[in-house]
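Engineer: Listed below, chain by chain, are the residues.
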Amino acid sequence: EAAVTQSPRSKVAVTGGKVTLSCHQTNNHDYMYWYRQDTGHGLRLIHYSYVADSTEKGDIPDGYKASRPSQENFSLILELASLSQTAVYFCASSLGGYSYEQYFGPGTRLTVL
Amino acid sequence: GDSVTQTEGLVTVTEGLPVMLNCTYQTAYSDVAFFWYVQYLNEAPKLLLRSSTDNKRTEHQGFHATLHKSSSSFHLQKSSVQLSDSALYYCALRVQGTGSKLSFGKGAKLTVSP
Numbered sequence: 054e055a056a057v058t059q060s061p062r063s064k065v066a067v068t069g070g071k072v073t074l075s076c077h078q079t080n081n082h083d084y085m086y087w088y089r090q091d092t093g094h095g096l097r098l099i100h101y102s103y104v105a106d107s108t109e110k111g112d113i114p115d116g117y118k119a120s121r122p123s124q125e126n127f128s129l130i131l132e133l134a135s136l137s138q139t140a141v142y143f144c145a146s147s148l149g150g151y152s153y154e155q156y157f158g159p160g161t162r163l164t165v166l
Numbered sequence: 014g015d016s017v018t019q020t021e022g023l024v025t026v027t028e029g030l031p032v033m034l035n036c037t038y039q040t041a042y043s044d045v046a047f048f049w050y051v052q053y054l055n056e057a058p059k060l061l062l063r064s065s066t067d068n069k070r071t072e073h074q075g076f077h078a079t080l081h082k083s084s085s086s087f088h089l090q091k092s093s094v095q096l097s098d099s100a101l102y103y104c105a106l107r108v109q110g111t112g113s114k115l116s117f118g119k120g121a122k123l124t125v126s127p
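These protein sequence lines are chains G and H, in that order.
Each residue of the first sequence is one higher than the one before, counting from 54 in my numbering.
Each residue of the second sequence is one higher than the one before, counting from 14 in my numbering.
Honestly, the hints are just simulated from the structure, not real lab data.
Hints are supplied without guarantee of correctness; some may be wrong.
Said to hold, decoys possible - Below, in silico cross-link-like pairs of lysine to aspartate or glutamate (EDC-like), each with a Cα-Cα straight-line distance of 16 Å or less: (1) G:Lys118 <-> G:Glu132; (2) H:Lys119 <-> G:Asp91; (3) H:Lys119 <-> H:Glu21; (4) G:Lys64 <-> G:Glu154; (5) G:Lys71 <-> G:Glu132; (6) G:Lys71 <-> G:Asp106; (7) H:Lys119 <-> H:Asp44; (8) H:Lys122 <-> G:Asp91; (9) G:Lys118 <-> G:Asp106; (10) H:Lys119 <-> G:Asp112; (11) H:Lys122 <-> H:Glu56; (12) H:Lys59 <-> G:Glu154.
To be verified - If you anchor each label on the Cβ, the simulated ranges turn out as follows: (13) H:Gln95 <-> G:Thr164: 32 to 38 Å; (14) H:Glu21 <-> G:Pro114: 22 to 28 Å; (15) H:Asn35 <-> G:Gly69: 29 to 35 Å; (16) H:Ser16 <-> G:Ser137: 22 to 28 Å; (17) H:Gly22 <-> G:Ile113: 18 to 24 Å; (18) G:Ser123 <-> H:Glu28: 45 to 51 Å; (19) H:Arg70 <-> G:Tyr153: 16 to 22 Å; (20) G:Ser137 <-> H:His77: 34 to 40 Å; (21) H:Thr37 <-> G:Thr139: 20 to 26 Å; (22) G:Glu132 <-> H:Glu28: 25 to 31 Å.
Glycine included, each C-beta is placed from N, C-alpha and C at the ideal position.
Using the sequences and the hints, build the whole thing.
Structural biologist: In structure tokens, the structure reads:
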């Protein structure tokens with residue numbers, strides 16, 4: 054069974070503060086993704102990466118940075134957290150190729166106050 | 014760009030009755046795969062069904078879907094729903110050569126009532 058873990062599982066942050074969400078996978082997958090989930094919007098892609106030390110912008114990258122220091126690890130960074138970034142964040146990994154599924158981590162519930 | 018339009022919002026069905034969640038798509042690519050993901054309360058999304066073959070029925074956990082490229086659809090169906098089917102369902106497509114990104118629909122929350 055593919056394994057993707059995320060930390061922390063929940064976090065409360067203050068407006069204007071810096072937040073780092075971490076993701077670790079043991080699947081030996083090249084592709085990793087960060088999504089946010091909001092009611093009424095579903096899952097939206099923030100950043101993704103297909104090789105270590107390189108990241109790509111997804112559909113809603115504004116206000117977020119990403120870092121992929123190794124194949125196994127992928128971080129999402131909110132330099133200046135805002136109220137609108139309150140959401141559940143999911144990390145996922147997959148093999149390349151369009152027919153492969155993505156495996157999701159358990160999610161991080163972020164509340165910005 | 015690629016897009017997915019699916020049944021959205023709340024869908025309530027009585028236990029034992031059938032359900033169909035609609036999913037249609039737009040893409041200019043031919044190398045495309047389609048997925049239904051299911052997300053139970055407080056869990057991560059996980060794969061329910063996938064297909065990349067036109068007119069072939071795919072089944073899992075009593076659910077089935079058939080990709081129809083002629084109508085750009087991949088509807089999810091079940092003939093008799095159970096209480097345990099209550100969950101959030103997402104339709105998604107993935108295209109070759111675009112960073113292997115998934116394009117998700119907005120999701121449908123299925124509630125099965127006794």
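Engineer: If a hint holds in the structure, say so; if it does not, say that too.
Structural biologist: Cross-check of the supplied hints:
| no. | hint | in the structure |
| --- | --- | --- |
| 1 | G:Lys118 <-> G:Glu132 | holds, 8 Å |
| 2 | H:Lys119 <-> G:Asp91 | holds, 9 Å |
| 3 | H:Lys119 <-> H:Glu21 | holds, 6 Å |
| 4 | G:Lys64 <-> G:Glu154 | violated, 28 Å |
| 5 | G:Lys71 <-> G:Glu132 | holds, 5 Å |
| 6 | G:Lys71 <-> G:Asp106 | violated, 21 Å |
| 7 | H:Lys119 <-> H:Asp44 | violated, 23 Å |
| 8 | H:Lys122 <-> G:Asp91 | holds, 13 Å |
| 9 | G:Lys118 <-> G:Asp106 | holds, 13 Å |
| 10 | H:Lys119 <-> G:Asp112 | holds, 14 Å |
| 11 | H:Lys122 <-> H:Glu56 | holds, 14 Å |
| 12 | H:Lys59 <-> G:Glu154 | holds, 9 Å |
| 13 | H:Gln95 <-> G:Thr164: 32 to 38 Å | holds, 34 Å |
| 14 | H:Glu21 <-> G:Pro114: 22 to 28 Å | holds, 24 Å |
| 15 | H:Asn35 <-> G:Gly69: 29 to 35 Å | violated, 42 Å |
| 16 | H:Ser16 <-> G:Ser137: 22 to 28 Å | holds, 23 Å |
| 17 | H:Gly22 <-> G:Ile113: 18 to 24 Å | holds, 21 Å |
| 18 | G:Ser123 <-> H:Glu28: 45 to 51 Å | holds, 47 Å |
| 19 | H:Arg70 <-> G:Tyr153: 16 to 22 Å | holds, 21 Å |
| 20 | G:Ser137 <-> H:His77: 34 to 40 Å | holds, 39 Å |
| 21 | H:Thr37 <-> G:Thr139: 20 to 26 Å | violated, 31 Å |
| 22 | G:Glu132 <-> H:Glu28: 25 to 31 Å | violated, 48 Å |
Checked against the numbered hints given earlier, this structure breaks hints 4, 6, 7, 15, 21, 22; the rest are met.
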